[in-house]
Structure formats: C-alpha cells, structure tokens
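Taking the hints into account, I'd like the entire structure generated from these sequences.
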Amino acid sequence: MRTINLRILDLRKKQGLTQQDLASAIGVTFQTVSKWENGVTMPDVAMLPLLAEYFQITVDELLGLRPLSGEEYILTETGKKNYWDSKKEYLIKSRRSIWNMDYMKFLLRDVFLIKEPVNILDCGCGYGALGLLLLPLLPEGSSYTGIDFNQKLLQEGKELFKKKGLEGVSITPYRSAGKILAENDIICKKEWMDNLYGSKPEI
Numbered sequence: 001m002r003t004i005n006l007r008i009l010d011l012r013k014k015q016g017l018t019q020q021d022l023a024s025a026i027g028v029t030f031q032t033v034s035k036w037e038n039g040v041t042m043p044d045v046a047m048l049p050l051l052a053e054y055f056q057i058t059v060d061e062l063l064g065l066r067p068l069s070g071e072e073y074i075l076t077e078t079g080k081k082n083y084w085d086s087k088k089e090y091l092i093k094s095r096r097s098i099w100n101m102d103y104m105k106f107l108l109r110d111v112f113l114i115k116e117p118v119n120i121l122d123c124g125c126g127y128g129a130l131g132l133l134l135l136p137l138l139p140e141g142s143s144y145t146g147i148d149f150n151q152k153l154l155q156e157g158k159e160l161f162k163k164k165g166l167e168g169v170s171i172t173p174y175r176s177a178g179k180i181l182a183e184n185d186i187i188c189k190k191e192w193m194d195n196l197y198g199s200k201p202e203i
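For reference, each letter of the sequence shown is one residue, going 1 to 203 in the working numbering.
Worth double-checking, as some hints may not be accurate.
Calculated lysine to any residue pairs in the SDA-like style (CA-CA distance at most 25 Å, straight line) [unchecked claim]:
| id | residue 1 | residue 2 |
| --- | --- | --- |
| 1 | 115 | 99 |
| 2 | 14 | 55 |
| 3 | 35 | 45 |
| 4 | 14 | 65 |
| 5 | 93 | 83 |
| 6 | 88 | 151 |
| 7 | 162 | 143 |
| 8 | 14 | 50 |
| 9 | 164 | 102 |
| 10 | 158 | 143 |
| 11 | 158 | 97 |
| 12 | 13 | 53 |
| 13 | 35 | 63 |
| 14 | 105 | 135 |
| 15 | 162 | 133 |
| 16 | 88 | 170 |
| 17 | 35 | 5 |
| 18 | 105 | 116 |
| 19 | 152 | 132 |
| 20 | 35 | 55 |
| 21 | 93 | 152 |
| 22 | 162 | 99 |
| 23 | 164 | 97 |
Simulated restraints on C-beta separations [stated by the list, open to error]:
| id | residue 1 | residue 2 | range |
| --- | --- | --- | --- |
| 24 | 16 | 133 | 40 to 48 Å |
| 25 | 15 | 45 | 21 to 29 Å |
| 26 | 15 | 42 | 19 to 27 Å |
| 27 | 110 | 49 | 57 to 65 Å |
| 28 | 27 | 59 | 17 to 25 Å |
| 29 | 110 | 16 | 46 to 54 Å |
Rather than coming from a laboratory, the hints here were simulated on the basis of the structure. Glycine is no exception: its CB is placed at the ideal position from the N, C-alpha and C atoms.
Next comes the structure, spelled out in structure tokens:
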C-alpha cells in the first residue's frame with residue numbers, strides 16, 4: 001500500500017499563500033491548516049475534493065500518491081545497455097574533475113587509515129575510473145574488481161588498466177559477479193548491485 005504524503009504545505013507555498021489565506025478560502029481555521037501540514041490530523045474525506053479543486057490538481061496528487069505537475073520522473077536512456085557505448089571520452093573527461101588527487105591521498109592515508117592491502121568492488125564501474133584512480137594510491141597487493149553491464153566499456157577499461165600497468169584488476173560483466181561481495185573490503189555503489197539482483201545479497 002502506498003504511503004499518504006499530504007502536499008498541502010508544498011502547494012500553499014508554491015502559490016505564495018499564508019495558512020490564513022488558505023483557511024479563509026476553504027472555510028476552516030488557520031490552526032486546522034497547520035495541523036494538516038504538520039501531520040497532526042488529516043482533512044475530512046469530504047474536504048479532499050474541495051482542496052484538490054482549489055489547487056487545481058487531483059486528489060491523488062493532493063495525497064502524494066501521484067507526483068505533482070513538473071515532478072514526474074522522466075525516463076532517460078542512461079540505464080540502457082548500449083547507451084554508454086559511445087560515451088567513453090565524456091566519461092574520462094568528466095571523471096578527471098571529480099577528485100583532487102591530493103585530497104584522495106589524504107582520505108586514504110589519514111581518514112580511512114588504509115595501511116594494508118584491500119580488495120575493492122566497484123558496482124557499475126563503467127571503464128573502471130575509480131580503480132584507475134585508487135590502485136596507484138593503495139598499498140601494494142590491493143585489488144580492484146569492477147562490474148558493469150556495458151561490455152564495450154568493460155573492454156576499454158581492461159585496455160586502460162593494461163596500458164597503465166596496474167595489477168590485481170578484474171573487470172567483469174555483472175552476471176558473473178554474484179558471489180564476489182563477501183570477498184571485498186570496500187564496496188562502492190552496492191545499491192546498484194542490489195537493484196540488479198532484486199534483493200540485498202548476504203555479506
């Protein structure tokens with residue numbers, strides 16, 4: 001069953017109304033409006049169509065059961081298997097600006113206190129940008145496993161790791177990655193894997 005998330009506060013603020021303005025328009029006290037907005041009480045069932053009409057929305061939108069206009073999720077192509085095939089250059093350029101190398105060294109050495117080799121699992125790795133960044137900074141003997149559904153990026157990632165001479169690397173399609181969670185010390189973007197498998201694997 002879907003949860004009710006009364007949207008009166010959002011709608012009132014969007015229209016620049018005070019609680020008193022809304023209360024006067026629909027024939028209740030401003031204290032009643034305040035109680036609705038704070039979740040203390042709910043409007044009477046007979047009041048819902050009146051509120052929906054006032055804000056020119058549906059009762060489902062008022063109750064938060066459907067998104068308000070402009071809040072709808074717009075599907076993109078990014079989750080499709082071949083979307084990223086031609087985006088390697090974009091990914092490489094955009095990933096360069098995400099991390100400052102000095103800051104990353106500081107995090108690994110002084111915040112995370114990584115002194116011993118670690119095994120990293122990167123779910124949704126693309127071409128392995130995180131591994132390319134981390135492996136040179138981690139203690140010798142550390143390993144990186146990247147999994148993704150895009151075969152082309154995986155292949156290009158393997159070539160990049162080879163070109164940089166990085167050892168301890170495995171880049172694999174997600175279908176063959178079922179039991180590798182328990183073998184890793186650091187798991188990045190694990191929710192990506194949870195979504196693929198439909199449930200959270202045991203760790």
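What are the numbers of the hints that this structure violates, sorted from low to high? Hints that this structure does not satisfy do not exist here, as all of them hold.
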